[in-house]
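Residue numbers (our numbering), protein chains in the order written: chain P, 1 to 259; chain X, 1001 to 1267.
Treat the hints with caution; some may be incorrect.
[Said to hold, decoys possible] Computed from the model, here is a short list of chain P residues facing chain X with C-beta under 10 Å:
(1) Arg28
(2) Asn29
(3) Thr31
(4) Ala35
(5) Pro36
(6) Ser55
(7) Arg59
(8) Ala62
(9) Leu86
(10) Ala94
(11) Asp96
(12) Arg106
(13) Ala110
(14) Ala131
(15) Pro133
(16) Thr200
[Stated by the list, open to error] Below 25 Å or equal to it, Euclidean Cα-Cα: the simulated SDA-like pairs (lysine to any residue) are:
(17) X:Lys1098 to P:Gly146
(18) X:Lys1098 to P:Arg141
(19) X:Lys1025 to P:Arg141
(20) P:Lys139 to X:Thr1249
Honestly, the hints are just simulated from the structure, not real lab data. Just so it is clear, CB atoms sit at the ideal spot from N, CA and C, and this is done for glycine as well.
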Amino acid sequence: MTSNRENPEAALSVASVSHVFGERSALRNVTFEIAPGRFAALLGLNGAGKTTLFSLITRLLALQQGSIKVAGLDVTRMGSRALAPLGVVFQQPALDLDLSVRQNLRYFAALQGLSRASADDRMMRTLEDLAMPERIDEKVRVLNGGHRRRVEIVRALMHEPSVLLLDEATVGLDVPTRATIVDHVHNLASERGIAVLWATHLIDEIRAADDLIVLNAGQVIESGRVGEVVSRVGAADLAGAFHGLIEKDSLSPSRKDPA
Amino acid sequence: MTALHYGRAFAGIAEREFLRFFQQKERFFAALVRPLVWLLIFATGLRAALGASSLPPYVTDITYEVYIVPGLMAMVQLFNGMQSSLSMVYDREMGSMKVLLTTPLPRAFLLFARLLAGVIVSLLQVYAFLIIARLVGIDVPWSGLLTVLLPLVLTGLMLGALGMLLASTIKQLENFAGVMNFVIFPMFFASSALYPLAKVQESSLFLYWLCRLNPLSHAVELIRFALYGQFNVMAFVIVCGALACFLGTAVVAYDPARGLQSRKDSP
């Protein structure tokens, strides 16, 4: 999955990306690709650089070094048009609390250029998938955290993106709600062919068949299928592999200036 | 991106602004009550002290209430522009600004659409105020309601762009009240909204020049002349220039590579 040669069929391609904030290095030479229909977990401790990477992919920060392509579209050269195939769920909730679920989703659909009829049809179908169509006319303010997160996912899927980014999407949710959301997003990858980049620090959200990118102090320290990574590290499970990788990296003499 | 996409996006942004405005009923009443208090209490009280004026564009002597109406229309737009910037700071804190900025439309278009939607909301408030002023007997020509439309759009855009620029410099919602006090009140009082600049010149040359340098003075004069079917070229040029300046700087401020946001949003 990590390769210096660019695969033209990759849904998301991040190549040699580095980023600094003043003197502080946040990302260093980050390279990976995600194929269509794959669920890739971006695993890292808090401060590893996951949110910076998301901000670069979504153009909320300008790319300083390297290149990023979404469905083959270069985010630097193509500008905002490169964001068309992208659906994003940010770590921070982004819904308007004083509007209803329907009003929020219609607003986002309009920004994506969808007609009112098309927006209404898609939101109903996706809300049904997430078992909450009856909440459509309720204000977001009255929804609990889990339901708000589901609406965020529906919002990110309204324009039927080919790449879905989720930044710590389950933070603060209870275990059953987390499981429902994790299942749903895995199904989106396997059934609809959406490439998913799922940033998390929670190991139990990652499955053996997923792709894995381990980010530490702004660097990709390991990547590949979860099973392969675990056996390469020689650990019993992913938790053991992750802790082993972090420990090894922190002792590495080549590492300096943690993000 | 097609023209249809742009049109739908603008309609969506405008609809959201309307929904938010009408859901905040206090905001609507405050927007209406504020200029009416100035008109019906402040201006009535000062009528005797300040007397009448026949300065252009007025052809006969007018009462102070009539004089103050264009200034109060600009005041409604000034408050609305600052309210829009507060709303942008709120959106940034709540995360919905990210949703707007990660759609596949040019950032300048998104900001302009947001600005224009705010102006449409401000027009509703200004016309509601004008109609009430007319109903309580303030002598404003009915035809002025039509001829003042373009100046109101320009003034709304200029003040909204200023608000947008301010929003890009404000880090937290809590800091907003200070900015309001340092922008709204000095801008309003150091303008031709409440007193003719010719009279100001007689009492303080410093205040006169301060008012002349204030773009709100020129917005007020643009509105005042248009309300009586006249066109103030100088005011028009200055308002357009200030609009271009504020809007250009606001767009740069929201550019992730160069803008103020990039320096503040480091995760």
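Q | Interface hint compliance - aspartate 96 of chain P to chain X, C-beta minimum distance less than 10 Å | A | At about 6 Å, which falls below the 10 Å cut-off, the nearest Cβ of chain X leaves the hint on aspartate 96 of chain P intact, so it holds.
(Q) serine 55 of chain P was flagged as interface toward chain X. Is the shortest Cβ-Cβ separation under 10 Å? (A) holds (6 Å)
Q.
Next pair to validate is lysine 1098 of chain X with arginine 141 of chain P; report whether the Cα-Cα distance is within 25 Å.
A. holds (19 Å)
Q: Would you check whether leucine 86 of chain P satisfies its interface hint, that is, whether its CB is within less than 10 Å of any CB in chain X?
A: holds (7 Å)
Q) Does alanine 35 of chain P pass the interface check with chain X, least Cβ-Cβ distance below 10 Å? A) violated (22 Å)
(Q) threonine 31 of chain P was flagged as interface toward chain X. Is the shortest Cβ-Cβ separation under 10 Å? (A) This hint is violated: threonine 31 of chain P lies away from chain X, its Cβ roughly 20 Å from the closest one there, beyond 10 Å.
Q: Decide if the proposed pair is consistent with the structure: lysine 1025 of chain X and arginine 141 of chain P, CA atoms, cutoff 25 Å inclusive.
A: holds (18 Å)
Q.
A closest beta-carbon separation below 10 Å is what the hint needs, so does alanine 131 of chain P meet it against chain X?
A. Hint on alanine 131 of chain P: violated, closest Cβ of chain X at ~24 Å, above 10 Å.
Q. For the hint on alanine 94 of chain P, does the least C-beta distance to chain X fall short of 10 Å?
A. holds (4 Å)
**Q.** 25 Å Cα cutoff - pair lysine 139 of chain P, threonine 1249 of chain X
**A.** Measuring from Cα to Cα gives roughly 35 Å; hence the hint is violated.
Q | threonine 200 of chain P as chain X interface residue, shortest Cβ-Cβ below 10 Å | A | With a minimum Cβ separation of about 16 Å from chain X (threshold 10 Å), the hint on threonine 200 of chain P is violated.
Q) Any CB of chain X closer than 10 Å to the CB of arginine 59 of chain P? A) holds (6 Å)
Hints 1, 2, 3, 4, 5, 14, 15, 16 and 20 from the list above are not met by this structure, while the remaining hints are.
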